[in-house]
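**Q** Each chain, written out:
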Amino acid sequence: MKAAAFAYVRATSVENALELLSVHGEAAKLLSGGQSLVPAMNLRLVAPELIVDIGELTELRGVAVKGEVLTIGALTRHADLLKSREIAAHAPLLKDAVAHVAHPAIRNRGTIGGSLAHADPASELPACMLTLGATIIARGPGGERRIAANEFFVGIYETTLTPQELLVAVELPVNPKNSTHFFHEFARRHGDYAIVGLAAQASIKDGRFADLRLGFFAVGDRPLLAKSASKLVDVAITPAVLSEAASALDDELDPLEDQQATAAMRRHLAKVLLTRCVSLLLARSDLRAGASA
Amino acid sequence: MTSELANPQTLSALDRPNSYIGKAVPRPNLDRLMQGRGLYVSDIELPRMAYAVFLRSPHAHARIVGIETSAAKQMPGVIAVVSGRELSTVVTPWVGVLSHLKGLKSAPQSAIAVDRVCWQGEAVAAVVAASRAQAEDAAEHVSVKYEELHAVTDMRTALDPATPVIHASLGDNLAFERIHDAGAVDQAFAESDEVFEAEFVFGRHTGVTLEPRAVVADWSAAEAKLTIYQGTQAPHMVQNIAALHLGLKESQVRVVCKDVGGSFGIKVHIYADEMATYALSKLLRRPVKFVADRVESFNTDIHARDHRCRGKIGVKRDGTIMAFEIDDLTGIGPYSMYPRTSAIEANQVVNLVGGPYVTGNYRARARVVFQNKNVMCQYRAVGHPIACSVTEGLVDLAAMKIAMDPVEIRRRNLIADDAYPCASPSGLRFEQLSHHAALAKLVQMMDYDALRAEQAALRVKNIHRGIGIASFIEVTNPSAAFYGVGGAKISSQDGVAVRLDAQGSVICQTSITEQGQGSESLTAQIVGSVLGVSMDRVRVILGDTDNTPYGGGTWASRGAGIGGEAALQAAKVLRKNILDVAAVVLQSTPSELDIVNNAVVNVVDGAPRIDLSELARIVYFRPDTLPPGIQPELMATRHFVPRNYPFAFTNGVQASWLELDPDTGFVKLLKHWVVEDCGTIINPQLVDEQIRGGVVQGLGAALFEKCVYDERGQLTNANMADYLVPMSGEMPDIDVGHVVSPTLESELGAKGAGEAGTAGAAAAVTNAVNDALRPFGTIITEIPLTPQVILTALGRI
Ligand SMILES: Cc1cc2nc3c(=O)[nH]c(=O)nc-3n(C[C@H](O)[C@H](O)[C@H](O)COP(=O)(O)OP(=O)(O)OC[C@H]3O[C@@H](n4cnc5c(N)ncnc54)[C@H](O)[C@@H]3O)c2cc1C
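Each protein sequence line maps, in turn, to chains X and Z. Numbers 1 to 293, taken from this note's numbering, label the letters of the first sequence in order. Numbers 294 to 1090, taken from this note's numbering, label the letters of the second sequence in order.
Simulated from the structure, these hints should not be mistaken for laboratory data.
Computed list of lysine-lysine pairs in BS3-like fashion (alpha-carbon distance at most 30 Å, straight line):
1. 961(Z) to 734(Z)
2. 2(X) to 551(Z)
3. 961(Z) to 694(Z)
4. 2(X) to 438(Z)
5. 95(X) to 961(Z)
Here are the computed distance ranges between Cβ atoms for each label pair:
6. 264(X) to 1013(Z): 23 to 29 Å
7. 1009(Z) to 240(X): 39 to 45 Å
8. 1021(Z) to 230(X): 40 to 46 Å
9. 653(Z) to 247(X): 54 to 60 Å
10. 492(Z) to 7(X): 55 to 61 Å
Just so it is clear, CB atoms sit at the ideal spot from N, CA and C, and this is done for glycine as well.
Next up, chain X with everything else stripped away, as it sits in the complex:
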C-alpha cells in the first residue's frame, strides 16, 4: 500500500497551477485535500506522474457573500463549511449536508472543490449543488468558464472539467427568505457514503409547495435533480398525488447495484425519502403512513 513513485510540485499561484497542467496534461493530478486522491494512489488505482499541490493557494479558500451571491472557494474545507456563519445563514442545506460527509479528520482536510471535481455519485455536496442551483467556476488555458451544476456532472467520477482546468469556486444564489430545506441520507454507519440520499430545498405557501427542488444522490451514475418534483408544486398534496410523484421519480432513477444495496432497494429507499421529505416539510404526518408502500 505504497503509492507508485511520483513527482511533486506545490503550485505558487492559480496561473502556475494552470501552466503545470497544460504542460503535463493527463500525467498530472491536482492535489487538494487528498482525501480521495491519496487513498486511490496508495491502492495504486491511479499512478499520476506529477502531483500539483494547490493547498497553498489561499486565494481559493473561503466563503463570501456579495449581494445575492454566495461564493465558496474551491479550497474551502468541509470543516470550514460546517463552521461558517455565512453558510448557516444563506445555505443551511449545505451545513446539514456536510455533517454527513465522512468523519472530522477527513472533513478537516477534504475540500469542496475536490469533492465536486471527484464527482462521486454517492457524495453529498454534488447533489446539494444541483438543489441549490450552483454555478461552478473553472479556469483553464482559455480563461474562465461558468458551468451550471446540472451540466457539470456527467458520470461516475466524471465531470465536464478538462485535465487542463482548475475548479476555482462555486457560486450559489443566497437562500430566498421563506425557503426551507430537508437533508437526509441512509448510510450503514455514520460517515459512510450514502446508500441513497436527498438534499431538498422548498418554499411553501399556504400548505403547498411554491417551489421544490429535490437533489437525489447515490441513485445513478451522477446526482439527480428530480423532474418529478414538479408534480408536487402548486397542488394540494394527497397520498394519491404523492404516490404519483413517487412513481414518476421511479422512472427517473437509474440506480446501480453495489455491496450495500441492489437497484431495487435504492428505488425503494428513494421513495421512502421522498415521502419523508414531503411529509416533514409540509408538517403532514398523515402522508407518512403510506410510506411503507
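Could you slot chain Z with the ligand onto chain X? The hints should help.
**A** Structure of chain Z with the ligand alone, referenced to chain X:
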C-alpha cells in the same frame, strides 16, 4: 459507552489489606502506549533490514505455469525475488491436523505456493527490497502465467460428486465430520407439542486488528540463531513451529513479542507468509520485515464463522425443551490452518449447542469442507456465536410457537444453579455455573417488564422495537484437552517467575502475553497483592521465549485463569522466602510477620519492622551478616495448569434492545446488557472492557461485517470502506453486571472473560430483531442483518 454499572462482587480470600484484586487499577502500560513509546513490530528497524512484499494470486484456483522474475530483479533496491520452489529448499511444508479430531485431513501447505494457488491472495512469490515501496514497484514487474482451474466456492455443493476435488490426494472435499447423538432424540421430538426448524446462516467475517500481522525475522548466520519479532499470542508455539520447519533446534530460535495492536485470535496461528519471512531471512542471511497491508490482511488473515446450520427444537406446551438437533456445515478454505486446525470451530458448535439447558436429548452433525477461499480458523469466541445463535434462536422461536415469554422459557429450562457439578448433552463437564442468578440480575438491570410495556405502547404508534435475550456458556482456561492431546506442541500450562531486586522492587516474568487486554496489569495486581508490594514496584516482562518461563500465551480466555494462578503461586513462594529471611534478620518467626506496603510488619499490630529495600540490601550486599547456613532465595517460579476439568466453563446472559424501521430495514441498537460469571474478578474495569469489546465484535457480526465473495472466489470487499467494522456511532451503551462463582481448581478462582461478549451478542440482536418483526409475521435467521436482508424478508423490495 458506560452507563451505570452493576457493582461487581469481589472475592474476600484474596482481599488482603491493600490488595489490588477486585480493584479497577489503571493498566501500568497505559502511559507508555499513550506517549507513543510502544514498540510494535512495525516500529522495529534493524541494520541491513530488508522488506518483503508478497505477490499474491489474483485467482481463487489456478495452476502456476511460469513465473518471470528477471525484469523485477533489475528494479532499484531489489535484493531478491523468490518463488515457492526456491523457498522450499529452506522451509518444509506442513499439514494442519490434530490426532484427537478423528478423521481430520488436510493437504501439505507451502510457505509460498508451488505449482498451484488455492485461494485469491495466496502468495506466489516474494520480492525483497531495500524499502517496502521499492518492493511493491518491483512486484508489478513479476509476471506470473496462470492456468485458471475451477474454483470450489459454495460450501453447499463442495461435497457433490460433480464438484472437482481441490486436493486429489485427499479423495474428496470433506475435511472433517463429527456426529454426536445423546439421549433419545427421536422419541423426544415425537413427544413434543411443537417442533420448530430453521436454517441459520452466518456471514464469513474476520477479526480486523488495528495493527496488521507483522514480523521481523533476523537470521544470524554467525550464531546460527533466528530471532523472530512478531505480534503473536503464543511465542513458544511460534518458536516450536519455526524450528521444526526450518530444520533448527528450538534453542536456535528466539521469539520476541513486544506490543501488539489487537489479536482476537487472528494472531494465534502460523501463517504461510510469516513462515516465508522466517525462511527468507535464513536464505538471504539478513533481517527481513513483513507487514501485511490492509488489503492483504483481508485476503489472508483467517476468516471465521462461515456456517450454515440447520437447527431443530422440540418443546412441550409448558415450555419444557425436549430436544435439540443440528446439522452444521462450514467451508474453511483450501487448507486446515496450522497448527490449531480449522475443525475446531465446527467441533465447538457441536460441543456448545444446547449447553445452558437441562435437556439431555441432543443430536448433531458437523461437516467441514474445503473450498477455494481464504483460510478459516479460530477467531474470538470460536464456535460460540454460532452455537449460541442457533440455540437461543431456536429457544425464542419455540417460545413464540407456544406463546411463552422468552425469559420464562429460559427460567424453566436453564440448568439449576444448585445442580453442579454436571455435564452437558455433548459431555462437557460443568464445575459451577450460575444461569439463573445471571438471568435474574439481567432482568432487574434492564427492567424487563417496563421495557415490555414501553415496547407495547410504541407498537401502537408504529414504532417497532424488539427485546432479545441470549444465555450462553463460554469455554475458558483450556487444559491440554484443546491441543496438547492432539499432538500439537502448544502448551496449556503457564509459568511465572518473580524476584525481589536489590532495592525491594519485583521483577516478574510470565509466559502469558499482552495484546491489549491487560495481562501485564493483572499479573502485577496479583503479584503486588500477594507480596504486599505496591504495583508501581512490580515490573512485568512478557513475550520473549529467551526470558520468560515456558507457556501457552494468551488465547482461549486463559491468561488470567492460568497465568494469573501461576503468578499467585510464584508470589506466595517468594513471600514465604522473604518472610523466612526476615524472621532470621529480625530474630522472629515467619508466622509472626507479614508484608504490607513494601515493608515487613508484625502480624499482631501491623508495626513496621524492616523495609523490603533494607532486607534486599542485606541479602544481596551483606550476606556475610546472616547466620551460617542461611541462603535466601529471593526468586521463585511456579507453573500451573488446571487438572480436574478440561475447561473452566463460564456462563452469562445478554440482552439487546433495538428499534427496527420497517420502511428502510435499518436497525438502531438502543441498549445492550450483559451479566457474566468469570469467577474471581481481578480487575473489574478490565473485565468490563473485555466484555464490551467482545460485545462490539459480536454486534459487528450481527449487523455489519461480512467478507463478500463472488461465485469465482473473489473477495469483493477487501478494504475498510466496503467491509464494515462496527464504529462507535452505531454502538449502544453496554451495561455489564457480574455474578461470581470462582473455580475451585485454583486458589485465585478466576475463569476467563475474553470471549463472553462475542459469544452471545449476535444472538441477542437477532432475537431482538425477530421480536420487533413479530407484527409482520416474518422471521430472519441470517446475519449480518443488513437493511437489504430485512427489507427482503419484509417483502418491501
Ligand atoms: C474514509 C473516508 C470517508 C469519506 N466519506 C465521504 C462521504 O461520506 N461523502 C463524501 O462526499 N465524501 C467522502 N469522502 C471523500 C472526501 O469528502 C474528499 O474530501 C472529497 O471527495 C475530495 O476532496 P479532496 O479535497 O480531498 O480532493 P482530493 O482527494 O485532493 O482530489 C480528488 C480529485 O479531485 C481533483 N481535484 C481536486 N481539487 C480540484 C480542483 N480544484 N480542480 C480540479 N480538480 C480537482 C483531484 O485531482 C482528484 O482527482 C470520504 C473520504 C474518506 C477517506
